[in-house]
Amino acid sequence: MTPRVAVFIDYQNVHFSARSRFLPADASRHHGHVDPGRVAERIVAGRRSPVAASVAS
5 MTPRVAVFID YQNVHFSARS RFLPADASRH HGHVDPGRVA ERIVAGRRSP VAASVAS
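Mapping of the sequence shown onto the numbering used here: residues 5 to 61, in sequence order.
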């Protein structure tokens with residue numbers, strides 16, 4: 005059976021963090037949105053990597 009995972013993303017905090025980290029302060033509030041599916045895929049991919057497994061131990 006394929007392993008399953010659920011990823012909960014507090015989207016508003018992710019959006020605000022992305023804006024403050026990657027955009028100038030005067031950027032439109034419509035900029036800085038992220039794709040929650042891609043974020044979840046990156047998190048899961050990192051958990052599958054041997055480096056992430058050794059760090060988590």
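Note that these hints are calculated values from the structure, not bench results. From a predicted model like this one, the values you see are computed outputs, not experimental measurements. Heads up, the beta-carbon is just placed ideally off N, CA and C, and yes, glycines get one too. Treat the hints with care, as some may be off.
Cβ pair distances, simulated, as ranges [as the list claims (entries may be wrong)]: (1) V43 with T6: 39 to 45 Å; (2) M5 with G50: 18 to 24 Å; (3) H34 with V9: 18 to 24 Å; (4) S32 with T6: 38 to 44 Å; (5) D14 with H34: 18 to 24 Å; (6) L27 with M5: 17 to 23 Å; (7) A31 with R8: 21 to 27 Å; (8) R25 with R51: 19 to 25 Å; (9) D30 with G50: 29 to 35 Å; (10) A10 with S32: 14 to 20 Å; (11) T6 with H34: 32 to 38 Å; (12) R8 with S32: 17 to 23 Å; (13) A29 with T6: 20 to 26 Å; (14) H35 with P7: 33 to 39 Å.
### Task
Kindly confirm whether 38 to 44 Å is satisfied by the beta carbon distance between S32 and T6.
Holds - the Cβ-Cβ distance for S32 and T6, about 40 Å, lies within 38 to 44 Å.
### Assessment of proposed distance window 14 to 20 Å (beta carbons of A10, S32)
Since A10 and S32 have Cβ atoms about 32 Å apart, the given range 14 to 20 Å is violated.
### Query
Is it true that the C-beta distance of T6 to H34 lies inside 32 to 38 Å, as the hint says?
The hinted range 32 to 38 Å holds for T6 and H34, with Cβ atoms some 37 Å apart.
### Query
Does the Cβ distance between D30 and G50 fall inside 29 to 35 Å?
Check passed, 32 Å falls within 29 to 35 Å.
### Query
Using the C-beta atoms of L27 and M5, is the stated range 17 to 23 Å upheld?
At roughly 42 Å between Cβ atoms, M5 and L27 fall outside 17 to 23 Å, so the hint is violated.
### Supplied distance hint 18 to 24 Å, evaluated on CB atoms of H34 and V9
Because 30 Å falls outside the window, the suggested range is violated.
### Task
Take the C-beta atom of R8 and the C-beta atom of S32, compute their distance, and say whether it sits inside 17 to 23 Å.
37 Å, violated
### Query
Between R25 and R51, does the beta-carbon spacing fit 19 to 25 Å?
22 Å Cβ-Cβ, so the 19 to 25 Å window holds.
### Task
Indicate whether the distance between the beta carbons of D14 and H34 respects the range 18 to 24 Å.
19 Å, holds
### Task
Using the Cβ atoms, figure out if A31 sits within 21 to 27 Å of R8.
37 Å, violated
### Query
Measuring from beta carbon to beta carbon, are M5 and G50 in 18 to 24 Å?
22 Å, holds
### Message
I want to verify a distance hint. Is the separation of the beta carbons of A29 and T6 within 20 to 26 Å?
### Response
44 Å, violated
Of the numbered hints listed earlier, those contradicted by the structure are 1, 3, 6, 7, 10, 12 and 13.
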